[in-house]
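Single-letter residue listing:
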Amino acid sequence: MSDVTHSENTASAEPIIICRKVNKWFGEFHVLRDVTVDVMPREVVVVIGPSGSGKSTFIRCINRLEEHQEGEIIVDNITMGHDIRNIAAIRREIGMVFQQFNLFPHLTVLNNVMLAPMNVRRWSKEKAEQKARELLDRVGIPEQAEKYPGQLSGGQQQRVAIARALAMEPKIMLFDEPTSALDPEMVKEVLDVMKEVTSSGMTMVCVTHEMGFAREVADRILFFDQGRIVETGTPEQLFDNPQHPRTKLFLSQIL
Amino acid sequence: MRTADAASGAKKPVLQRALSLLTDIRFLRVVGQLVFLALLVFLLAQVWNNILSALEANNLNPNLEFMQNRAGFEIGGAGDYSANDSYWEAFRVGLENTLSVVLAGLVGATLLGILAGILLLSRNWLLQNITRFFVEILRNSPLLVVIFVMFFVVVLSLPQLRDSLTFPQEAIATLPTSWILLGVIALGMWVWLRRADAAKRQFWWTLFASALVTLIVLHTLGGANPDTWGELNGLGALLDVRFLVAALAVGGGLAAILVFMKDEARDAALAVLAGVAAGLAVYYFGVLPNGGLRFETRPIIWLNNRGLTYPEIWATGRFAEWAAFITIGLGFAVAIFFYLRRQTEMTGKPYPRVRIAVLAAVIFTVVGWVIVSSEPVPATIIVQQDGALIEMPVAQALEEDLMTREQALAYATAPLEIVLPERQGLRMGSGDTLSPEYVALLLALVIYTAAFIAEIVRAGILAVPRGQLEAARALGLSYNQLLRMIILPQALRVIIPPMTNQYLNLAKNSSLAVAISFADVYQVMFTVGNQSGQSVTTIIIVMVTYLVLSLVISGIMNWINARFQLVTR
Ligand SMILES: Nc1ncnc2c1ncn2[C@@H]1O[C@H](COP(=O)(O)OP(=O)(O)OP(=O)(O)O)[C@@H](O)[C@H]1O
Ligand SMILES: [Mg+2]
Numbered sequence: 000m001s002d003v004t005h006s007e008n009t010a011s012a013e014p015i016i017i018c019r020k021v022n023k024w025f026g027e028f029h030v031l032r033d034v035t036v037d038v039m040p041r042e043v044v045v046v047i048g049p050s051g052s053g054k055s056t057f058i059r060c061i062n063r064l065e066e067h068q069e070g071e072i073i074v075d076n077i078t079m080g081h082d083i084r085n086i087a088a089i090r091r092e093i094g095m096v097f098q099q100f101n102l103f104p105h106l107t108v109l110n111n112v113m114l115a116p117m118n119v120r121r122w123s124k125e126k127a128e129q130k131a132r133e134l135l136d137r138v139g140i141p142e143q144a145e146k147y148p149g150q151l152s153g154g155q156q157q158r159v160a161i162a163r164a165l166a167m168e169p170k171i172m173l174f175d176e177p178t179s180a181l182d183p184e185m186v187k188e189v190l191d192v193m194k195e196v197t198s199s200g201m202t203m204v205c206v207t208h209e210m211g212f213a214r215e216v217a218d219r220i221l222f223f224d225q226g227r228i229v230e231t232g233t234p235e236q237l238f239d240n241p242q243h244p245r246t247k248l249f250l251s252q253i254l
Numbered sequence: 000m001r002t003a004d005a006a007s008g009a010k011k012p013v014l015q016r017a018l019s020l021l022t023d024i025r026f027l028r029v030v031g032q033l034v035f036l037a038l039l040v041f042l043l044a045q046v047w048n049n050i051l052s053a054l055e056a057n058n059l060n061p062n063l064e065f066m067q068n069r070a071g072f073e074i075g076g077a078g079d080y081s082a083n084d085s086y087w088e089a090f091r092v093g094l095e096n097t098l099s100v101v102l103a104g105l106v107g108a109t110l111l112g113i114l115a116g117i118l119l120l121s122r123n124w125l126l127q128n129i130t131r132f133f134v135e136i137l138r139n140s141p142l143l144v145v146i147f148v149m150f151f152v153v154v155l156s157l158p159q160l161r162d163s164l165t166f167p168q169e170a171i172a173t174l175p176t177s178w179i180l181l182g183v184i185a186l187g188m189w190v191w192l193r194r195a196d197a198a199k200r201q202f203w204w205t206l207f208a209s210a211l212v213t214l215i216v217l218h219t220l221g222g223a224n225p226d227t228w229g230e231l232n233g234l235g236a237l238l239d240v241r242f243l244v245a246a247l248a249v250g251g252g253l254a255a256i257l258v259f260m261k262d263e264a265r266d267a268a269l270a271v272l273a274g275v276a277a278g279l280a281v282y283y284f285g286v287l288p289n290g291g292l293r294f295e296t297r298p299i300i301w302l303n304n305r306g307l308t309y310p311e312i313w314a315t316g317r318f319a320e321w322a323a324f325i326t327i328g329l330g331f332a333v334a335i336f337f338y339l340r341r342q343t344e345m346t347g348k349p350y351p352r353v354r355i356a357v358l359a360a361v362i363f364t365v366v367g368w369v370i371v372s373s374e375p376v377p378a379t380i381i382v383q384q385d386g387a388l389i390e391m392p393v394a395q396a397l398e399e400d401l402m403t404r405e406q407a408l409a410y411a412t413a414p415l416e417i418v419l420p421e422r423q424g425l426r427m428g429s430g431d432t433l434s435p436e437y438v439a440l441l442l443a444l445v446i447y448t449a450a451f452i453a454e455i456v457r458a459g460i461l462a463v464p465r466g467q468l469e470a471a472r473a474l475g476l477s478y479n480q481l482l483r484m485i486i487l488p489q490a491l492r493v494i495i496p497p498m499t500n501q502y503l504n505l506a507k508n509s510s511l512a513v514a515i516s517f518a519d520v521y522q523v524m525f526t527v528g529n530q531s532g533q534s535v536t537t538i539i540i541v542m543v544t545y546l547v548l549s550l551v552i553s554g555i556m557n558w559i560n561a562r563f564q565l566v567t568r
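Each protein sequence line maps, in turn, to chains V and D. The opening position of the first sequence corresponds to residue 0 in numbering that gives the first Met the number 0, with each subsequent residue numbered one higher. The opening position of the second sequence corresponds to residue 0 in numbering that gives the first Met the number 0, with each subsequent residue numbered one higher.
Since the hints were made in silico from the structure, they are not lab data. The reader is advised that the hints may include incorrect statements.
As the list claims (entries may be wrong) - Simulated coverage check for chain D against chain V, where a stretch passes if three residues somewhere in it have a Cβ under 8 angstroms from a Cβ of chain V:
| hint | segment |
| --- | --- |
| 1 | 346–355 |
| 2 | 475–482 |
| 3 | 487–498 |
| 4 | 544–552 |
All values derive from a computational prediction rather than experimental measurement. Beta carbons are placed, not taken as given, at the ideal position from N, Cα and C, and that holds for glycine.
Just chain D, same shape as in the assembly:
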């Protein structure tokens, strides 16, 4: 066909050939693009010229020099900025605020959105419909209203400083040793028996349960005989470790005999021996101490109408060393993860590779902390006392509170120093505070965007055809495997593109901060523009800022998206 076309084309006169070009779809495509480009350039040039001439008429010439001038206005909550700094500094503060709210917002909205999306598919009628109710309300409200509601109704109605809501509540609690012991035993049994067959599980849990029952029975008897059980009675007897172990022994023996009759001879004998031996030994010698762990809880988070206060976390002089431990631990964890995955591929034997890797990282982190913290401290330190520099032991300096903040950090033993929030009269004496505006804006952005993400997640999961699940189940995949290997990869493919839109929306919507006077980049630059009269330039700066932000977000999301698309014909 093609050769025939070309041959007949060659014979045609030039004019006819040119005319036939006019209806050639390939030619038309190129021409169409060129025409569009030309129009665009022309329009942009017109707009630009108009702006320039309008500015000139007002004696303004756009450049960035004015940005170095003194700002002259304060920004609330910005510790490292004052009115004497330049406009650039003000811009930086605004940019930091925007980035902070956008980043936290993206993470929060994603997590909450995924959770809500899954709840929307829940079989539990109540959960599903409560979630549906909130999602519908949020999706059908203007974001500005949500922000105002968060700010005026929720955040500003928080109590005064002196009635702050705190979490956790300040309290002192004691956890008796015997309960800890019971917990440890139960946990150990649970881990050990998870994969065991039903008979074995039944046996050991029967033992455990009957020991508990025996404990309570003995306690009642023992309570009536103070000589035997010390001055323990009532609940106190329950807390006696010797009591517990004796009970475990008796109960264990009983349970064992019960099961012994059911042909579980070896396990039964084991239980009798272990239970009785441990019980007698501990009861006779009173080896284990009585008492328990004493917990003192202090508030970590304070919430009042001045914002949300959380602990200050300072990296001390030893932080770098600890960080090195963590880095090595992470590297090790990754290596062990891939090694085990390879092993599983090669042998088919399943290893809990995620758990082992996490455990490795945790061990490195904890051990690193212990090692780093136990390194010796220099004996003496030079501090300022009554105007003079004097050398004294570190412990003494610490005691008399003479070190500067920097010295305290340099000489601290732990890699991190955590300063809990504390009230000092009419203000918070320590702790970092997020302003009410920030909290309101973040909350509003998170829940509003999460409502949309929830719908996206729901739709993405529903988009996986039923047949996929049936095929996976027919092959015998477990529910977890089905989620991980079949649903997730296919749902993500549908979820990611609209998710990108929501992320971009969140980033741009953060500029609504201006409504509640949160000093984000838009609000700051708006003020700068008003003050300097350079509104065109400031608006361009704002536009470029949001453009870069959006490009970064969509660039990352496109990269992720490309990895999930399906290959088709």
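Chain V extracted, bound-state conformation:
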């Protein structure tokens, strides 16, 4: 059903994320049904769909925050299985940004960003700090480095979270509705940072309800409904000329 459409600029390379017939159940409830999709390096994929359709579950399977029961997920040539070393290796290459920021409240902004590079990548403190300050600069809050997360606004916190994920120099970034918990005036500052990240050539899978953002940056849109990828295509195809009745209904409600 969901035939893979590669964006042209990456058609020649190997996919960096491969999902084949991924199935997942929560108890009796079938959340993901035969999800099959390839993501190419440097590709920006936006996932949309109604609430409860399994979007979060899908991207959380990619870095094993959720465990899928059937099918195959291969990230950066590493197969996701039960081997903890594979899981750790995959997580090192994937950064994730959550709806609720999930910054560590007991660490300063700087230490939030430095924690994983120092303890997972084993960088020196000096190197980690340099990288952290560089990233805080990039997301536009260099002056907040010594503060604690509790002292920042939501938009600032989410930008720290993006810096924290980028500090590991991941190959892939996952975003799960990064702007949904923000006040409208803060949404833009976060979207701007995300746009900047995509323009740096990062592979990105992003769940969002910001259709304007999706249209602007996405190479490809996946439309989820009831655990299935119902339709996929470029933003133009999907927004301007949706094929599936479910997609049409969803878009008519949201736009």
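Following the hints, position chain D with the ligands against chain V.
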């Protein structure tokens, strides 16, 4: 806004300004405090006056002089106190007992409580529910009942002295050299291979396992041919070191050949060479002795209805020297810990700094013991024999058991002298004994408080939001790092304040000792008050004692707490 307020205030007439003061929240706050303070002082003064006049009416004037009088009552288990000592001395004994039970109780309750709290969150259904069962029973029982249960049901139902429960059991065991060797080899391989990749681990463990199998096979064959394998057969052959090494060689060779076919040429060649060489050498020369380590276990802890007896530990004349070694070792360990932490920060390279520091401290301690113990002993000693003082060699004095306790300690070679408990007829001849009352009270306080601490720990861990764990995992932190860097600091923040309450409860609850006649400070002072008639003064002394104890505990806990609180807007 503010200037407008002030300006309009200045224009108002004095009366109106005064009236508006009456509704000013800042003014009201100050007045409220003052009124409360005045009331408090008035009430306290009233109470104090009442007490004084009541005492005067009974011809009593409260002071502390009576505390110097002869106590006239005995306190069980207090070796350094007799009925002829003063009330102050009795107080001291009671205070020591209270402090001892409270300190041990705090440590025990904390450890048991944390363990139980973690078990309450265990994924293992059985463990979790068994723990839940005990926690609920304890939390819903009055402490007094728990103390009585511990005292009458548990402690007093212990056997008579002659049927004492002992730990460990008295026994003699032999550990054959070959098993020790196998153990050492396995341990070495484990340490060496922990970080190795799967292929290498597989190779060496295959080698080890096949060697073991070969050993057993050869043993069966060898058992049938006594000439080749000496008089060994049956299990005995297994214990022969030469047998073991020969088997390792053959097995190693086999395993190596197996893996050799799998393109592990270098490792395989190594294994063949090492295995065969070692095996042949040892088997030919019979280098390693047969036999093994002989263990003699003697009971360390005795449990009977007179209490719990444990070894006496005496510091000898050389203890100070050894203590100096330990102190230096600890200092060195701390220094090396911080140095390595700094190194890790600077280079990112991880060092096992905790393990290295502990190792350093242990080495200093052990080496210190050996050095201190091997210093020469004075050749002769003056001892008393048949009423006369005579000089004789130390060894002889030791042999004939002529030294006094002090001399024995002064001339002992080891820094510590440990005297194991020993029964002597109808009583324990040596060892220190904790009374049944003490054991019962301590156990009751520990398990009762631990039940509450378990719930606090559980709640504290659950209070860390799920998102924190997901963020940490998404960043690739290992489970250990996640526990140490994310969960623990955030859980402690929630755990410490209610923990302080539990610690204070434990300290104050220890006064329930009176129910089973344990001579704690409350029980002793109760007796003092009854005997001297100075009940008001004695109660004040008791109150002040518990107040100081509580203040110390909460002071320490507040200091710890302040270091874990979060900074927020
Ligand atoms: N841990 C869980 N246990 C049971 N059911 C779950 C769990 N997590 C999610 N679900 C269910 O799975 C379905 C898909 O959830 P998911 O969070 O993936 O949806 P979503 O598409 O991200 O929705 P939203 O847009 O609201 O975030 C939902 O019906 C949800 O109730
Ligand atoms: Mg979601």
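Do the hints match the structure? See the list:
Proximity of the segment 346–355 of chain D to chain V, defined as three or more residues with a beta carbon under 8 angstroms from a beta carbon of that chain, is established by the 4 residues found. Counting residues of the segment 475–482 of chain D whose beta carbon lies closer than 8 angstroms to any beta carbon of chain V gives 4, which meets the minimum of three for the stated coverage. With 3 residues bearing a CB less than 8 angstroms from a CB of chain V, the segment 487–498 of chain D meets the requirement of three and the coverage assertion stands. Beta-carbon proximity to chain V at under 8 angstroms applies to 0 residues in the segment 544–552 of chain D; the threshold of 3 is not reached and the given coverage is violated.
Hint check: a violation occurs at hint 4 only; the rest are consistent with the structure.
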